Structure formats: C-alpha cells, structure tokens
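There are 4 protein chains.
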Amino acid sequence: MRNEAGGKAREVLARECDLILVLGGDGTLIAAAREAAPLGIPVLPINLGSLGFLTSFKLEELYPALEETIAGHLEASERMMLTASLVRDEKVVDSQRVLNEAVVTKGALARMIELELLIDGDFVCRYRADGLIVATPTGSTAYSLSAGGPIVHPAVESIILTPICPHTLTDRPVVVGDSCNVEMRLRGAAESVYLTLDGQKGLLMESEDRVLIARANERLQLIQPHRKSYYEILRSKLKWGEA
Amino acid sequence: MRNEAGGKAREVLARECDLILVLGGDGTLIAAAREAAPLGIPVLPINLGSLGFLTSFKLEELYPALEETIAGHLEASERMMLTASLVRDEKVVDSQRVLNEAVVTKGALARMIELELLIDGDFVCRYRADGLIVATPTGSTAYSLSAGGPIVHPAVESIILTPICPHTLTDRPVVVGDSCNVEMRLRGAAESVYLTLDGQKGLLMESEDRVLIARANERLQLIQPHRKSYYEILRSKLKWGEA
Amino acid sequence: MRNEAGGKAREVLARECDLILVLGGDGTLIAAAREAAPLGIPVLPINLGSLGFLTSFKLEELYPALEETIAGHLEASERMMLTASLVRDEKVVDSQRVLNEAVVTKGALARMIELELLIDGDFVCRYRADGLIVATPTGSTAYSLSAGGPIVHPAVESIILTPICPHTLTDRPVVVGDSCNVEMRLRGAAESVYLTLDGQKGLLMESEDRVLIARANERLQLIQPHRKSYYEILRSKLKWGEA
Amino acid sequence: MRNEAGGKAREVLARECDLILVLGGDGTLIAAAREAAPLGIPVLPINLGSLGFLTSFKLEELYPALEETIAGHLEASERMMLTASLVRDEKVVDSQRVLNEAVVTKGALARMIELELLIDGDFVCRYRADGLIVATPTGSTAYSLSAGGPIVHPAVESIILTPICPHTLTDRPVVVGDSCNVEMRLRGAAESVYLTLDGQKGLLMESEDRVLIARANERLQLIQPHRKSYYEILRSKLKWGEA
Chain A
1 MRNEAGGKAR EVLARECDLI LVLGGDGTLI AAAREAAPLG IPVLPINLGS
51 LGFLTSFKLE ELYPALEETI AGHLEASERM MLTASLVRDE KVVDSQRVLN
101 EAVVTKGALA RMIELELLID GDFVCRYRAD GLIVATPTGS TAYSLSAGGP
151 IVHPAVESII LTPICPHTLT DRPVVVGDSC NVEMRLRGAA ESVYLTLDGQ
201 KGLLMESEDR VLIARANERL QLIQPHRKSY YEILRSKLKW GEA
Chain B
1 MRNEAGGKAR EVLARECDLI LVLGGDGTLI AAAREAAPLG IPVLPINLGS
51 LGFLTSFKLE ELYPALEETI AGHLEASERM MLTASLVRDE KVVDSQRVLN
101 EAVVTKGALA RMIELELLID GDFVCRYRAD GLIVATPTGS TAYSLSAGGP
151 IVHPAVESII LTPICPHTLT DRPVVVGDSC NVEMRLRGAA ESVYLTLDGQ
201 KGLLMESEDR VLIARANERL QLIQPHRKSY YEILRSKLKW GEA
Chain C
1 MRNEAGGKAR EVLARECDLI LVLGGDGTLI AAAREAAPLG IPVLPINLGS
51 LGFLTSFKLE ELYPALEETI AGHLEASERM MLTASLVRDE KVVDSQRVLN
101 EAVVTKGALA RMIELELLID GDFVCRYRAD GLIVATPTGS TAYSLSAGGP
151 IVHPAVESII LTPICPHTLT DRPVVVGDSC NVEMRLRGAA ESVYLTLDGQ
201 KGLLMESEDR VLIARANERL QLIQPHRKSY YEILRSKLKW GEA
Chain D
1 MRNEAGGKAR EVLARECDLI LVLGGDGTLI AAAREAAPLG IPVLPINLGS
51 LGFLTSFKLE ELYPALEETI AGHLEASERM MLTASLVRDE KVVDSQRVLN
101 EAVVTKGALA RMIELELLID GDFVCRYRAD GLIVATPTGS TAYSLSAGGP
151 IVHPAVESII LTPICPHTLT DRPVVVGDSC NVEMRLRGAA ESVYLTLDGQ
201 KGLLMESEDR VLIARANERL QLIQPHRKSY YEILRSKLKW GEA
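Residue numbers (my numbering), protein chains in the order written: chain A, 1 to 243; chain B, 1 to 243; chain C, 1 to 243; chain D, 1 to 243.
So here's chain A without its partners, still in its complex pose (with noise of 0.2 Å):
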C-alpha cells in the first residue's frame, strides 16, 4: 500500500485484495481505510513507528497475526466512517470519507471564524472559534482529544462536536446520534479557512460555503489482537495508572 506505481494503483490494489495488510502508523492506516471501507475488505494494521491508537500489531507480530487472520481467529473491529462533502451554492465540490475527522479550521493568519452549526436542520449554535471538528468515536483519541473533546469507545454510535478554541466558553463539546445529519455553514468573512478530512487533504473554503457530514454507508473491518482491550491501548496511550 505504502509505494504506488500510479494515481490509480491503491484502487486498483484494493478492488483486488480479500485482506490489506497496512505497514505504517495509524496516519498511513488512515489512507487505507478510505480504499478498504467502500469494498468491505479488512485491514490487518501493522505498527512501525511508536504505538498508536489503531495499529496495535507489532512488526514481529506479523506472521503469526496474519496466519491467524487466514485461519479466521482473529476478528474484525467495525469502525463507523463519516462521509464529508463541501457544497457551494447548492452543488458538491468534493466527497470524501473520513475515519477520524473532518474540521473546518482557519488559516494561521486569520482571525476567529464564525460557524454556523445545524443538526438535523435543527439550528444549534454559531461558533465564534479556531474551528470546529467533526469526529467519529475513532477520532475522538486524535484531534478532538487535544481539543478537549472526550474519550468515546467505538461502540458508541456517535458523532462527536468539539470546538477548537471557542471564544464563548460555554461551548463544550456535544456527542450527538450516528444517523444525524451534521451541516456547518461559514459566515461572515472567511479568508483562508479549509476544510480539513483526516489531517491528509485540505479544501479551501468560500463564505458561505457549506460541509454536509453524515455517516458513511459502509464500515472499516479493522482487525486488531484479541488479547489486548481498547482499555489497555487507553492506559498504555495516556499513561494512566501510573504515578
């Protein structure tokens, strides 16, 4: 997965694989998962680089993970997906699925951005912030963490609202139902603002431009070890119980 012949290989690799084994950090799984999702083909992840939250394995872990992939002991976590698109007067400029997160963000020389936050066409509030990310229980270990956002176990059929640096104090993070329709609309003047999907693409927004997010139709399989809890990732990632 990691070195691609051409723009179309990972596609092409991906339609034709039963398993994809993914060699890298959870940024590289991440890339992955938006070619394995939509085909409903697992994803073995493989750790390279320090422990992250997704790839558990570890590099001499491969073999025997992979045997025990084949031979059918070791299940498949889902892990639920969110579909982002940008629309600008009325049309859809860019789709894309997200594991992590999708945020509209401003550039580092703008000023606060205002956003306007609607869920189920139901207005919520207008953010005076840094910005505004929009997480799937997965994502809430990455950005929406440092943010302030709260630990949500995969299991939770959620989408997580976390403000980044919100100039009204009050607006906390809000944990919302998986089937909601999310819609954020920019106001006011937005000179360098973007559209961020998975921290791995950037879209530049326009005023009044909107972000559609739903959850995606289909789910990563991601296969992780049996004998380690999400509990233990948890403690090992965030160093509780220690002193």
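Heads up, a few of these hints could be off.
In this list, chains with the same sequence are indistinguishable; a pair is considered to hold if it fits within one copy or across any two.
Below, in silico cross-link-like pairs of lysine to any residue (SDA-like), each with a Cα-Cα straight-line distance of 25 Å or less [unchecked claim]:
#1 K228 - D120
#2 K237 - E90
#3 K239 - L39
#4 K201 - L186
#5 K228 - F123
#6 K239 - A31
#7 K91 - D209
#8 K237 - E60
#9 K58 - T83
#10 K239 - D120
#11 K237 - G24
#12 K58 - L74
#13 K239 - S77
#14 K201 - L109
#15 K239 - N181
#16 K201 - R97
Calculated directly from the structure, the hints in this document are not laboratory data.
It should be emphasised that the depicted structure is a prediction, and the values quoted were computed from it without experimental measurement.
Place chains B, C and D on chain A using the hints.
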C-alpha cells in the same frame, strides 16, 4: 407529588395514575422519575423556578400542555436511566434507579480516593481523584458537565464516566455504550466516601465496597414541548449565541 | 486614529499628542497601544461596539471621561507589554511590541507543529500542538482564555504560556515571571507556520527559526473608569453571577 | 520531625534548630513548613517515596546534600505561604499558615455550595460549586492543578483561585497579586461545608462564616538541588516530552 401524606404516598399515588404532573424544578422531576419510570407512567414537568434542562413547560403553559397531552399531541421523549447497586461482601446493600448520575465521592476532610473502574469485567484504570461520576445522557448536562464532561444528546445510547479532580491529568471523560456493566471498586483507606444517587441519596461506603451500574430496564417517559428543540434549551441554559 | 492619511500618519500623530483617544473596539486599542506605549502617552479608550475587556468607556461617556482625565481625576492603569522578535540564522528578522500576545501557530493545512520552549535558557518542554500562545496578563482574557489559559489580573507581573490543542494532555498552561526570557524554537518540518502578533500581524516562519519574547521596556498607560473594577468587567463579559 | 514525643515536640524542636531535615513525602514537608517558616529555619527535604514536586533530594543524596548545605553551596528557594483565618460573628475562630492551599469545600452528601468571593473588598463573583481553592504558586501543582488551575512558577508573586466543579462554566481559574486580601463568604444553607488547610486540617464551617486569606509574613526557606530546574521536575512529574 410535592406533599406526601405518608412514607408510601408517592408510590401508591404513582400506581393509580395515567400521567404524573410534576410542579417544581429539575430536582423534583428527578425524584418523580424514580416512581414513574418503573410503572411506565409519563411525566409532564411544569417548571416553577428558573428554566431547567428537563422541566421546560412554564406555569402558564400548564393547562394547554395538559390538554395537548391528553389529546395525544405531545409525545414523550424516552430517557434512559441507570440502576446503581452498592455491593459489600458479595451482598447488595442498596440499589436504586437514577435519571442523572451515580457518584462515588470523598467527604470534605478525606484525602483523594482510589477507585478502580472495570467495564464488562475489563480493567479500565485506577483513579486517584475526588470522585467519579457515572452519568446518563440526561445527566450529562448536570454534575458531569461541571466536572468537565461532554454534553451527550439523550438519543445517544451511552454512559458517561467523568472523574472529579483526577490526580492524573490524562484521566479524561470516557463515553461507553449503554449496554456496558460498569463497576467501581473502592481501594485503600476509605474514610467518609459516599455513593450519591441523583444528588438526593447518599450511602456511606467502606473499603473494598463495589458499585455496580447498568442501564435500567425501564425508561422515563418525559413529555416535552414540541416547539422547543434540545439544542434550544442548551442555547438558553448555556448562553450560547450571545456575545 | 482610525483614518490615516499616509503610512506614517499614526506615528507622527502619536508624537504630537498628550493623550490618545481611541474610538473603536479592543482591536483598535491594541493597534494604538503600539504607538502610544513607547512614547508614554496615555490612551483613553471609547467603546463603539459591544463591551470589550479593555475599552470600557461608552460613547456617551466620552466628554465626561475627557474632562475627568484632563482634570486629573482618572488614573491610568499600567499594562505590561511584550516585545517579540523573530530570529533566523542569528539575525532579527522582525520585532514588535504586543499588548495581548505573540502566537506561534500552524496553518490550516499543516500537521501539528513541534516547538521547543526555553525559559531563561532552561529547556521547559517540546510541544507537539497546533501552537503556543505567549500572553501578557492583559492578553489572558483574549485568545489564551479560549485555549484554556487562566485569567491573570493585570497587576500580576507575569507571562502566560498556553499551548493550543497540545498532543500531550498534561501540557497545561504555565505562568512565569515577567522578567523571564521566553524562547520558542521551531523544530522539524515547518510548512506554513506563522508568528502572529496581537492577532494583527503575521510572519511566516521557517524551520529552526526562533522567537524571543521579553517584557517591553514601556507600559501602556490605559485610562479606565474608576467606578468599574476589573472584576466587574469580568463578571459582565463572562456572564458570571447569572443563573 | 516524624516521631513526636509529645504535643509540642515539633515546635520545641524547631526552635532549637539551624536546619530542619524532612524525611518523607510532600505531605511531611507541608507539615514541617508550618513550624519552620515562622522561625526562618531552612528546610532540607529528603524524598522517601515517589518523586514529589517539592521533595527532590533522594535518600542516597542525603549526606552530600547535608554537606553542601552546611558548606553554603545550596541556596534556599523562598516559597510564599498564605495565612487563612476562619471568622464567625466577627471573631477569628482559627487561623493557620498554608504552603499549598486553603480550600472551602462541601461534604460528600451536601449539594453545591454558594460562596461569595471578594478581593480587597471588591466583589468578584458568587460561586455555585463543589468548592473553591485558594492556592500559592507552590500549591498550583497540587490540588489546584487537578481542578483545572494553571501551573504558576514560584517566582510569580500571586494567589491562584480555582473553583471546583463550578456550575457556571465560565468560572475559570483567576490569578491575582500576592498582596491581595482574599475573602470567601459562605452563603445559604451550609451543611457539612469545611475549610481545609493544606489537606491536613479541616474546620467545619457555618452559614455566613467568612474565610480571610492573605500572604503570610514569613516564607519557607526550601533547599533544593541546584542541578534540577523547576521545569525538570515538571517534565518528570507530568511526563512531558514523552510520546
């Protein structure tokens, strides 16, 4: 509901009703929920004081609301409740339903408490903190919010675990599925540690006591104005959207 | 102060004044502070928009405030400022006074930045974050507050260091003495990282650039109503004391 | 210092010393500080347990540290202390020095408490919270940090006011000058509300009681290793700089 003639009046009354009218604040409603939920009787809350998160009809709306309810024009929002049991030496000392939260917390003079958290039998972590809040989505806008927890929409089937003043700064709020069995084990010396249920009942705990928490079988049927969305109440209570 | 005839108008004007009257919001005052502070000229701020933390005279108070100031009945509150210098290859690229804060922050598309913080030459830590805010007490109620920093009374001679969305959750805001020399070193790849001064000027940084920050020699002389305490403004702006 | 033969032993001993050697953890040091500070006797802390924020000599460093201290090669870091007095009906009920903090806090069973804060006689706000911590910079890395307060360097002459689980989400920590007179007034019903001093002494409060807090006249002379900076201890205790 407010004046009870005798110790059992509330329960007896509840059994003979088709609808319970609660006149008071959120606290009165919480007390009524304990009786109403197991009997499946809907509750119509009339707010006598300042606007609550739960009691959103005003006194002047009492008769129209009653009429609309009887005519079947107002639907009940279902609110998940938890059952919390205090277990000592493998025996259940006490057990109660809560609408908002069960909290294990230290007395004013006690030092930090040590609490082990297990979910579905998996060890999550050992908290050294002033306490731990186990809240429903309904309770997410009450004590848990003050302790740094997220706002969780009532439709998200989940349990929110929010530590109070944790010694380990990475002990962040965690949201888990509502089918989880949550267990707290009190470790070390435990002078004046209490299990507090919906802020209305307190049980003195002893060292090695366990608290078992799971979703209650019955839900509260809470009648709410249809013109007011959940987000409208949030905006009003949290003063969103103002400068 | 608002309409400048030419590039130098503001500075030239400032040199010929005994008192600078600022009509506008906090942003206008911040711009005026840069000219007024080094010349020791007091500033009388008149608030044209919604109440600011700094500009606490209303338009209808303009003439009484002017009369009281001229009569010597209103005293100036001294506000500490910082001087921030961008250093590349041991040369100062740019240098400016700030009333609120100097911020090193990433662009919308950039990943997390790595920043080493040194205080008086002592290594403090390496931040992996969206950015780092170095604020004055006056700036503690501006951007730093949104990022989770404390409110610091202007009389506390200090510098506030508030990370923006830090990857390490224990990277909490730190308050150090105002005689400290603060140094930030940009590490690793640094695409579209900026030094932003009082939210009004941005300088593109390069990898290995350093930002040196120290207390400015001069303070802003800010005239304020004597009937309004600092805490009264906090209460009003932060809606304390309301339900 | 650890074994006292009688009630007054600690004070009598303290008066006859040139140097107090404290063997224990931060708690032992805090107790010793109360005796040592008013007499101006320096304290040499030897850490017997896990690394503390204050007690940074290890047991094996005891003799070298003693020799260096006697030879005058180790300087004492001065640590500001506070004097907290409980006042009832205009009479001082009790008064004590604290090194870390004075806290007004509710018992486990009590509801939220209401507390008015005044600084130099100016009304600041009315807290509805679990409590309020009034900390020194030394105490900023203790209880106050767990409650969301900033880290304040000991050289910053200040008092830190950190509410515990405030009902009003904008009640953020406030740092004021160390010459301020801080007053807390307990309002409304006050069952089982306590003033806790350095986590070691608790005084039951009554409704309308006041707590007056001001900088103590004497400072603790705390001997510390010269090879270890304040930031090095922070890094180690807070696990900064690790993944």
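### Task
Could you figure out if K239 and S77 sit no more than 25 Å apart (CA to CA) within one copy, between two copies, both or neither?
Within one copy, since 24 Å is at most 25 Å while 31 Å is not.
### Query
Which holds for K239 with A31 at a C-alpha limit of 25 Å: within a copy, between copies, both or neither?
Classified as neither: same-chain Cα gap 27 Å, cross-chain 30 Å, threshold 25 Å.
#### Entry: 25 Å Cα threshold - placement of L186 relative to K201
both (19 Å within a copy, 23 Å between copies)
### Query
Between copies, within a copy, both or neither: which fits K201 and L109 at Cα up to 25 Å?
both (20 Å within a copy, 8 Å between copies)
### Message
One pair to classify: K237 and E60, alpha carbons no more than 25 Å apart. Within, between, both, or neither?
### Response
Only inside one copy: K237 and E60 sit 20 Å apart there, 32 Å across copies, limit 25 Å.
### Task
Indicate which option fits the pair K228, F123 if close means a Cα-Cα distance not exceeding 25 Å: within, between, both or neither.
Intra 41 Å, inter 11 Å, cutoff 25 Å: inter-copy only.
### Task
First find the shortest C-alpha distance between K201 and R97 inside one copy, then the shortest across copies, and answer within, between, both or neither for a cut-off of 25 Å.
Within one copy only: 11 Å inside a chain, 36 Å across chains, cut-off 25 Å.
### Task
Give the relationship of K91 and D209 under a CA distance limit of 25 Å: within one copy only, between copies only, both, or neither.
Answer is within; shortest intra-copy Cα gap is 10 Å, inter-copy 42 Å.
### Message
At most 25 Å between alpha carbons: which applies to K239 and L39, within, between, both or neither?
### Response
neither (36 Å within a copy, 41 Å between copies)
### Message
Cα distance capped at 25 Å. Does K239 pair with N181 within a copy, between copies, both, or neither?
### Response
between (35 Å within a copy, 24 Å between copies)
### Task
Using 25 Å as the alpha carbon limit, work out where K58 and T83 are close: within a copy, between copies, both or neither.
Neither. Shortest intra-copy (30 Å) and inter-copy (40 Å) distances fail the 25 Å Cα cut-off.
#### Entry: Within, between, both or neither: K237, G24 at alpha-carbon 25 Å
Within. Shortest intra-copy distance 17 Å satisfies the 25 Å Cα cut-off; inter-copy 31 Å does not.
Checked against the numbered hints given earlier, the structure breaks hints 2, 3, 6 and 9 and satisfies all the rest.
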